[in-house]
Structures are given as C-alpha cells and as structure tokens.
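Could you slot chains B, C and D onto chain A? The hints should help.
Number of protein chains: 4
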Amino acid sequence: MTYGFLGLGIMGTAMASNLVRAGFDVVVWNRTETACSPLCELGARNAPTAADVVDAADITFVMLSDDAALRELWYAEGGVLAGVSAGRGVVNMSTIGDDTSTELSAAVVQLGGRYLEAPVTGTKKPAEDGLLVILGAGDRHLYDAALPAFEVMGKRSVYLGEVGNGARMKLVINMIMGNVMLALAEGMALAERSDLDPGLLLDLVAEGAVANPMFSIKGPMLIDRSYPPSFPLKHMKKDLKLALQLAEKQGQVLPQTAEANETFKRAELAGRGDEDFSAVFEALQ
Amino acid sequence: MTYGFLGLGIMGTAMASNLVRAGFDVVVWNRTETACSPLCELGARNAPTAADVVDAADITFVMLSDDAALRELWYAEGGVLAGVSAGRGVVNMSTIGDDTSTELSAAVVQLGGRYLEAPVTGTKKPAEDGLLVILGAGDRHLYDAALPAFEVMGKRSVYLGEVGNGARMKLVINMIMGNVMLALAEGMALAERSDLDPGLLLDLVAEGAVANPMFSIKGPMLIDRSYPPSFPLKHMKKDLKLALQLAEKQGQVLPQTAEANETFKRAELAGRGDEDFSAVFEALQ
Amino acid sequence: MTYGFLGLGIMGTAMASNLVRAGFDVVVWNRTETACSPLCELGARNAPTAADVVDAADITFVMLSDDAALRELWYAEGGVLAGVSAGRGVVNMSTIGDDTSTELSAAVVQLGGRYLEAPVTGTKKPAEDGLLVILGAGDRHLYDAALPAFEVMGKRSVYLGEVGNGARMKLVINMIMGNVMLALAEGMALAERSDLDPGLLLDLVAEGAVANPMFSIKGPMLIDRSYPPSFPLKHMKKDLKLALQLAEKQGQVLPQTAEANETFKRAELAGRGDEDFSAVFEALQ
Amino acid sequence: MTYGFLGLGIMGTAMASNLVRAGFDVVVWNRTETACSPLCELGARNAPTAADVVDAADITFVMLSDDAALRELWYAEGGVLAGVSAGRGVVNMSTIGDDTSTELSAAVVQLGGRYLEAPVTGTKKPAEDGLLVILGAGDRHLYDAALPAFEVMGKRSVYLGEVGNGARMKLVINMIMGNVMLALAEGMALAERSDLDPGLLLDLVAEGAVANPMFSIKGPMLIDRSYPPSFPLKHMKKDLKLALQLAEKQGQVLPQTAEANETFKRAELAGRGDEDFSAVFEALQ
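As you go down the protein sequences, you meet chains A, B, C and D in turn.
If you're matching positions, the first sequence starts at 1 in my numbering and goes up one per residue.
If you're matching positions, the second sequence starts at 1001 in my numbering and goes up one per residue.
If you're matching positions, the third sequence starts at 2001 in my numbering and goes up one per residue.
If you're matching positions, the fourth sequence starts at 3001 in my numbering and goes up one per residue.
For reference, chain A alone in the conformation it holds in the complex:
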C-alpha cells in the first residue's frame, strides 16, 4: 500500500510524520515545497503535484485549513481531481462545511474514485502524539482500508455514515467547547470582580463535577490575560456560526450558542481573532 499526504501545515506534518515513522510508504506534496524537507528526511517521498500524489497512492490524506483552500486544491491544474481515477481513495481530514464536503465527494466519485470525510478533534499536541479522534463519514470501504493509518494517527476513530455527518459531528463538538469556554470566562470574570481569588476558583472547579482538561489549560491564560493560540478565536467564531446555520436548517433553538456567537464576535471585532479562543474573556471586561 502507498499512502499520499497533501497539506503539511502544523497538523498535517505531525500526522504524516507519524505515518512515516510507523513504516508506511508515504508520498507527500505541499503548496510550498520546503515543508516537505523534515518529512523527506524521515523517509517520505516528494511528488511534484497533488495530482501525482493521488495517482501514485492507494489512499491520499488531505489536511488543509478551510473550504476555499480545499476547493482550490481540488479543481486546480495538477490538483486532486486531475489525479483521481478508478479505485483511488481520497480521505479529507480537514474541517470544512458539510455542503463543501458533499460537493468535493461528488467530484471524486464521478471520476470513479472513493471519498471519505474524516475531520479530527484535537490540536497540535494530540496530532504529534497520535492521539487524535477521527470522525469518518462517506465511503465505508475506504474507511475500512484507511483504518490502519487512522490507528497510527489517532487514539480512536468512528464511522458516522453518509458524507457530511463527520463535518456536522465536529461542529457540534466544537460548539460545546466554545460554550463551555465562555462559561469558565464568565465565572472567572465574576470571581475577579467580587475579589475572589481566580486561581483558587480554578482549583475548586478542578475538584468538582465539571473538572476538565481545557479548564486546566485555559484557566491560567485568563488569569494572565495572555492567549497564545492553540485554537485561534476566529476559527471558533466560524464554527459557532456554522453550528447556528446547521440549527437553522434542522430547526433547533440554540439560545446559548446564539449568545456565545455574539460574544465571540465581539472579541474578534476587538482584534482578538488570531489569539487563542480563550481570549473571549476580554469581551467580558
């Protein structure tokens, strides 16, 4: 089996490296060629175009940042579709809208290829440690074929049915995370305003029923009012918007999420979009 990997940003590099280290035969391509070097040193081969990767590999993984980048990669000269032929598998691990994913899937299938949507939860550290959670949806056959690779990149993978379900599940998970972050932010703000020790509040919450890793990581950032990005606020803002759009389509009231969307928007408009999403705390000051 030969595996392709397109998109060697922070996430993609970590994931592809794990594949190479696990002994898989990996062909890579990135828009900027230099990104390949570390991977090539590990043993990956470089191909001149994305199409060459897709053509050379049984299964090609794709990890880009947003819908627009995906569309460009798909339809460009030397892009993904130019390499698809009967039996080729494309596994899109990027986080994108369910509609875009459906469109990209149709284009691959029309050329005789197979498509699997497989967004992940987890950021840089879990990607490096092979501890991602992978949300597969689409071609079941391709999912099964990709499992050995998923087992290297993640600690868990699930199959969710038709294309779009992975994107939607990811949205719901991120929306919960955004709301929970804001819950902590409001608690910390009220504590500080009431002359209660915010560090002690974090300690006490960590002993209780809602203790969770995110509070331990982000809490001190709120105390320091410094937000080095691991998940940029503008991305959380976008996911909240998409979750609300999904709720419009499905007919679900989401009063908390609608409010959170406005508060995150306030933080983004105040210039916090590239900071960590915990910077929503600043919108409460």
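Calculated directly from the structure, the hints in this document are not laboratory data.
Just so it is clear, the structure is predicted and the values come from calculations on it, not from any experiment.
It cannot be assumed that every hint is accurate.
Derived coverage of chain D by chain C (criterion: at least 3 residues anywhere in the stretch with Cβ under 8 Å from a Cβ of chain C; other residues may be distant) [stated by the list, open to error]:
1. 3040-3049
2. 3106-3119
3. 3136-3147
4. 3163-3170
5. 3242-3250
6. 3258-3266
Here are some chain D residues the structure puts well away from chain B; computed CB gaps all over 12 Å [said to hold, decoys possible]:
7. Asp-3025
8. Asp-3058
9. Arg-3071
10. Thr-3123
11. Arg-3193
12. Asp-3195
13. Asp-3197
14. Ile-3217
15. Ser-3230
16. Pro-3232
17. Pro-3255
Straight-line distance between alpha carbons at most 20 Å, and here's what the computed EDC-like set of lysine to aspartate or glutamate pairs gives [unchecked claim]:
18. C/Lys-2241 x D/Glu-3192
19. D/Lys-3241 x B/Asp-1195
20. C/Lys-2234 x C/Glu-2033
21. A/Lys-249 x B/Asp-1203
22. D/Lys-3124 x D/Glu-3248
23. A/Lys-249 x C/Asp-2274
24. B/Lys-1249 x B/Glu-1072
25. A/Lys-249 x B/Glu-1248
26. D/Lys-3249 x B/Asp-1066
27. D/Lys-3241 x B/Glu-1248
28. A/Lys-249 x A/Glu-128
29. D/Lys-3249 x C/Asp-2274
30. A/Lys-241 x C/Glu-2248
31. B/Lys-1155 x A/Asp-203
32. D/Lys-3241 x D/Asp-3099
33. B/Lys-1249 x D/Asp-3274
34. B/Lys-1234 x B/Glu-1275
35. A/Lys-249 x C/Glu-2151
36. A/Lys-125 x A/Glu-248
37. D/Lys-3249 x B/Asp-1195
38. B/Lys-1234 x D/Glu-3248
39. B/Lys-1124 x A/Asp-99
40. C/Lys-2241 x A/Asp-203
We put the CB at the ideal spot given by N, CA and C, even for glycine.
Frame of chain A; chains B, C and D shown alone:
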C-alpha cells in the same frame, strides 16, 4: 472537644455520620426527631433543642436547605442564638445568600460567639464518602479549630477571608456548572436534530478537551429524557438568579448566564423544578 | 410606454391594479392564469409567457415571494431572461437576498438589459392604497424611468445606489420591526403575569414616547391570542436570519437580534409560522 | 383645599408650578431651600419642614428620585410621617419599587393617613406642559380627591387598584421603551456598518408601521453619537433590572429584556450611565 450538628437531611446525616464514625463526640438535633435515630445508633447523643446543642458543643455545624429555614432556626425559641454564649462556635455549612450569612454572623458575634460560613460543593455521594470541598469564610480561629472535622467530612477545605466569600465562591462554581450543563444540552439537541447519534457524541466529547464527570453522569439522562434529581433544577435556577444579582452589585456583564437563567426559568415554569437540573434539556425541545 | 407585471399574488395584484387604474398600459403574466382575470377586467392585457411580457414592455415589474421563485422565473424556458434584450428594463420589487439580487442583475445586464432592485415596505393595505415605500437600487436610469409608476404604487421612493442596498435596507427595517414586536410581547406577557390590565398597558404606551401604529394593530391580537397573518411569522423569522448573516459579513454584534431570532424560531417550531409574526407572543407563554 | 409639594427637582418644580399657575393653594418644601424661590415668586408658600407641609395640606404630593431618598424623607425628624395625622393624604409620584411603596403606604395608614402611589410617564417637557400620564394605585378616595390636581399636571390619569400596581405598570412601560431603544440602536449600527445611510433609515422607519416619537428624538443622537440626557441610562438600567426581578417573582421568561439588561449594563460600565439611555448604541460599537 464536643461537636454539635443541626439539620439531619440527606447531606447533614451523611456528614454527621462521618464525624461519629471517626470517633468524634457529637450531639445532634433535628426539627423532626426521628431523623436522629440512625445517628444515635452510631453513637451520637440527641439534645431536646438546637439551643441545647449549641450550648453543649464547642463547635456546632449547621446544614439546612435555604435562607428562610436558617433564619427560623436562628431566631426561634430554643434556636441557635438562644444557645450562643462567649466562645461558642457556629459553622454554617448551608448554601445561602451572602447577605443572609452576614446577618446571621452578626447575631452570633454580638452574643460573644464565633461564626464561620462553610458551604460545600458536592452532593449526596461525596457527602457520604467524605469527599466534599468546603469553602470556609469568617472567623479564622474557628476555621482552624474546625479543621479536624472538615478533614473527616471533606477532601479539601479552603479559607476565603470575610463572611460572604464562601457563599459567593459557591455561587460562581454553581453558575459555571449551570452554564456548562446547558452547553451539553444544546449540543445533544443539535446532534439529535441532525440525526447524529447522541451516545456517540457523548463518547467523543469524553475523549476530548472538555471531558468531565458531569457529562458522563448527565449525558445518559438527556438521551433517556429522564431526570432523577441529584441537584434539583429549581435550586440551580435560584443560584443563577443569585449569581446575576451578584453581578449587578459588582458591575459585571454576564450575557451567557443571563441567557441560561431564562432557559432554566423556562424549564422550571414547564414544571421541571423538582427534576434534576439536567432537565433544562427539555426547554430546548 | 408599456409596462409589464409578473407575479399577481396579493401584493402584485394590488400594485398592478393601481397602475391600470392610473391609465398605464399594462401587460401581465402569472404562473396560474386565473390570477389575471380581475386585472384583465380592469384593462390589462395578458401575455402567454413571462418572456413575452418582458419583450413587449419597456419596464417590467416583478413581485414574487422568495429567492427560489425568482430564480426559477429568471432561468425558465419562457422566463424573464428569454425576453430580455437591449434596453429592456426589469424592476424586481420582491424581497430577496442581496446576493440573489446581484446574480439576477448580472444575468439581465449581460443580455443588454437594465436591472433595478426595488423592494417595498408595507403589506396588503398600503399596496392597495398606493402607499408603499419603495427602496430602489441599481440602474439609475431605470429608476428615473420607473418613477411615474412608483408614484402610483407608493407614497415614497428612494434611490440607494448599487444593487443590494435595497435588499439590505429592507432587512434592517424588518429586523427593527421584529425586535420591536418582541419588546411589546414581553411587556404584555409581564403585565398579564403581574395581573395588570394588558389593554390598559396598550392605552398607556399609546400615550407615550414609543406609541406606534404596529402596537395599535398587533396589541389586541396578543390580548385575543389570535394572529390572522398580515406578515407571516416565518417570513419575519427568515428576515432575522438574513439580517444576522449580513451582520456576520459586515462584522456587527447584534445581541438583541440574535436572541429575537431564537425566540421567533421557537414560535415557528411550535407551528406558528403561518400565523402573523405577532404570534411570537406564544413563545413567551 | 390646600396642596403640599415635597421635592422640587426638575420634575417636581415643573409639576408644582403648574398647580400654582392653575390657582391652587400650594405649600412647598425642599431639602435645599433655594429650590423654592421660583415657586414662591409664582405664589407658593414655603414651610420649614416636610412635616409642616403634610400637616398643613389636605393632600401632599411627593416627587423624589429613588427609594433611598423616599425612605429618608419618610422617617426623618420633621419628615413625612411626623406630619401625618387622621385624614391627611400623601400622593407619592416618585418612581420607586413596589415593595418600598407598600412599606411607605403601611406607615402612613398606620397613623390614620391615606396613601396613593402615582408614578408618572413622561420627562421634563411633558411635566412642564402638563402632559404627564399618571398611574394611580392605592387609596381610591384619595385618588378621586387628587383628580383635579392630576388634571392640571397630566393629560391622563388612571386608577390601577392596590398599591404596587402603579410601580409595576411603570416598570413594564419603561422596559418596553428600553427594548425598543435597543432595537433602533441595532438597526442603526447594522445600517452604518453596511454603508447604508442611517439618516435615510430613520426617514424610512418614520414612514412605516413602527414610526414613533422616540425614534425621531433619539435617532439623530445616534448619528451624532452625542447623548445629552433626558432620561439617564443608569435609570433605564435600573428599571430593566427591576423588571427582571418582577419577572422572577411572577414566573415570566423575558429573554429579550435579560439580554437588553446586559447590553445596557455594558454601556453603564463603560461610563455612559449619566448620558441619555440612547447611549446604549455605544455598547454595539
């Protein structure tokens, strides 16, 4: 040392039992006398009035359900104040408003007694297992004197300064919990409406950054739409209201909490007040 | 000059009738032919297809219900575009999204035609009485040419610049209206719940600084809890959603509108979509 | 008949002046004596204490700014209660909480006096022009006796039943006004952000179903971003808080008002409390 215990409901019985089992000398009183029996069998002594308990004990713990019950117990004939004299300590572990606590404190101090506010986080199970978290505030000397008993009843205790700080810290903690519960409820509702498996959503969240014990316990209740109360919704509703009042006093915007208060209110008005607070899920249907 | 009119629903019939009664030469077409009869009796001529109308008229007015209906009419065989040629003017008075309007405009212009977007504020009664307010945007020349007809159909018309500005202004106006309606609904609900006479509240508000025609018309509907539609709730819901989308694009926080969107959504999900938008009152019960 | 008037601020001076000009026999008192001069020049008599006024007059009107000022005036040496005896009437026209009003009423009645709560809607200009709306509640006999004076001070007066109903009706009216103000503010903000002319938006709204005097007065203040106070934002903020407290007591969801309370709070915390309540617009920037 002799310890008193007033209020033998679910929480009080569990806490007092732990004291007796640990070998402490405990005198108890409850409004309805039958509540004493199991404790007396363990070795506690019963006193005819609350005043007798306070008079007989070096430190008396109080665990009642709300401000009104506390006030009645304080000022009644044979009540707490009737037993207070120089050096007697009263440790109020009930969850009440900061203003009420300040008033009860002043009344005790005026008679030469000592007062400590010490609300706890944790419900029935942690109370039985001696795993409460105790938020002490008020008389520092009394706090130190009560520590051996706190170590039996809880896994952690902290001293927060002046009377009121314990009540306020408790409010902030519960307010975070209420908001986080609603975050899960909205995520589960959107998942179900989008034909995503809510059980799988729970599994996936449990693998991620906001994994927390409450989601594991309450999540299945949302799937079953059955909410046996461990913390009744009407109490969470009251705490959200009190947190908003605190925010008014201190000058803090809390848009998420203001919204949550309305959604919990909606659930309470729909008759869910005595169910578990996870029944806020029903207000999203 | 010959004028065309496409779309003879409640609004279109009223508007076209005013043109005919004012002595204009009018050619009409409607998807269901019977809608023409009353107009034909007044003196309008009927054409077999929309394309025939556009071809026969100097300026053709279009009044349909939504984006989908417009798109169908535009691109269908015998549709609008099939009739457009150099110099033909199309004035789209329907309320649609700014993006759709821009797309429809481009298609007309490419064929040498002129396009004006001209949504109106006002419902059935003002349409019949020629008292609409017309929000023109797009081809300035066409706006000037259409003015005599606008003066028959409306009490005021304005020119707002590039295509999309009419649609956007309409959205802002409707969004204010939706929020103001909900303000009344909450006041009426609180009054009733507090045993204050809601009819008297209406009287008192009518004497004060926010007295407005809508309160006089909708207020009694809330008291009767009966909502015969003059502007269906589902349309207001859609406009709130579109206003929030515009706010996302432009970067504007709209916390009140975000909340109103959820409350109107709640009413729509409860089956009130076809009732008047004042039925949002039911979502507060 | 002799009438008393206590409290000669902006509102009280305007109201008392109208009584004097209408030929009523008026005795006045103000905390700072200088406030009497203009009234005395018109023909009013000055008394050394509030108690002297109440004792000398058949009916005494009171117009102070808040609950605290009222309580002080009531219970002080030489205060209202010191002057009350059998048959004396006190008409409290201040805007205060329903609970405070009930307490002040009981104190008057216990001394054999009569009490009427009579808050007004309208600010300085309507007060000067005798165009207030008066919301009477409490002693019906006193209401009837005060009617000739009400007819001089206001354009309309109503009798609402038991003490507290006037305060509550006033709250509901102001809460509607606050929400409607925010509706305009959001519309104006979105228009400006979308490069639509905000002055034209005001014109168009003024032609439509929600045209109202407040929009005409406040709209230009938003365009100028200058908010000379006619009703200070901090007072509107307080009324929204009180309306939400009433809703808690009565069991009514008020999602829009809860949100508005947070947005007005945001404006107040940003230092806009003494500006006009239309300055809530700044919280959207």
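Here is how each hint holds up against the structure:
no. : hint                    : result
1   : 3040-3049               : violated (count 0)
2   : 3106-3119               : violated (count 0)
3   : 3136-3147               : violated (count 0)
4   : 3163-3170               : holds (count 3)
5   : 3242-3250               : holds (count 4)
6   : 3258-3266               : holds (count 4)
7   : Asp-3025                : holds (44 Å)
8   : Asp-3058                : holds (41 Å)
9   : Arg-3071                : holds (18 Å)
10  : Thr-3123                : holds (25 Å)
11  : Arg-3193                : holds (20 Å)
12  : Asp-3195                : holds (28 Å)
13  : Asp-3197                : holds (30 Å)
14  : Ile-3217                : holds (27 Å)
15  : Ser-3230                : holds (24 Å)
16  : Pro-3232                : holds (16 Å)
17  : Pro-3255                : violated (5 Å)
18  : C/Lys-2241 x D/Glu-3192 : holds (19 Å)
19  : D/Lys-3241 x B/Asp-1195 : violated (40 Å)
20  : C/Lys-2234 x C/Glu-2033 : violated (27 Å)
21  : A/Lys-249 x B/Asp-1203  : violated (25 Å)
22  : D/Lys-3124 x D/Glu-3248 : violated (32 Å)
23  : A/Lys-249 x C/Asp-2274  : holds (18 Å)
24  : B/Lys-1249 x B/Glu-1072 : violated (27 Å)
25  : A/Lys-249 x B/Glu-1248  : violated (37 Å)
26  : D/Lys-3249 x B/Asp-1066 : holds (17 Å)
27  : D/Lys-3241 x B/Glu-1248 : holds (8 Å)
28  : A/Lys-249 x A/Glu-128   : violated (36 Å)
29  : D/Lys-3249 x C/Asp-2274 : violated (33 Å)
30  : A/Lys-241 x C/Glu-2248  : holds (8 Å)
31  : B/Lys-1155 x A/Asp-203  : holds (13 Å)
32  : D/Lys-3241 x D/Asp-3099 : holds (15 Å)
33  : B/Lys-1249 x D/Asp-3274 : holds (18 Å)
34  : B/Lys-1234 x B/Glu-1275 : holds (8 Å)
35  : A/Lys-249 x C/Glu-2151  : violated (40 Å)
36  : A/Lys-125 x A/Glu-248   : violated (34 Å)
37  : D/Lys-3249 x B/Asp-1195 : violated (39 Å)
38  : B/Lys-1234 x D/Glu-3248 : holds (12 Å)
39  : B/Lys-1124 x A/Asp-99   : violated (47 Å)
40  : C/Lys-2241 x A/Asp-203  : violated (41 Å)
Checked against the numbered hints given earlier, this structure breaks hints 1, 2, 3, 17, 19, 20, 21, 22, 24, 25, 28, 29, 35, 36, 37, 39, 40; the rest are met.
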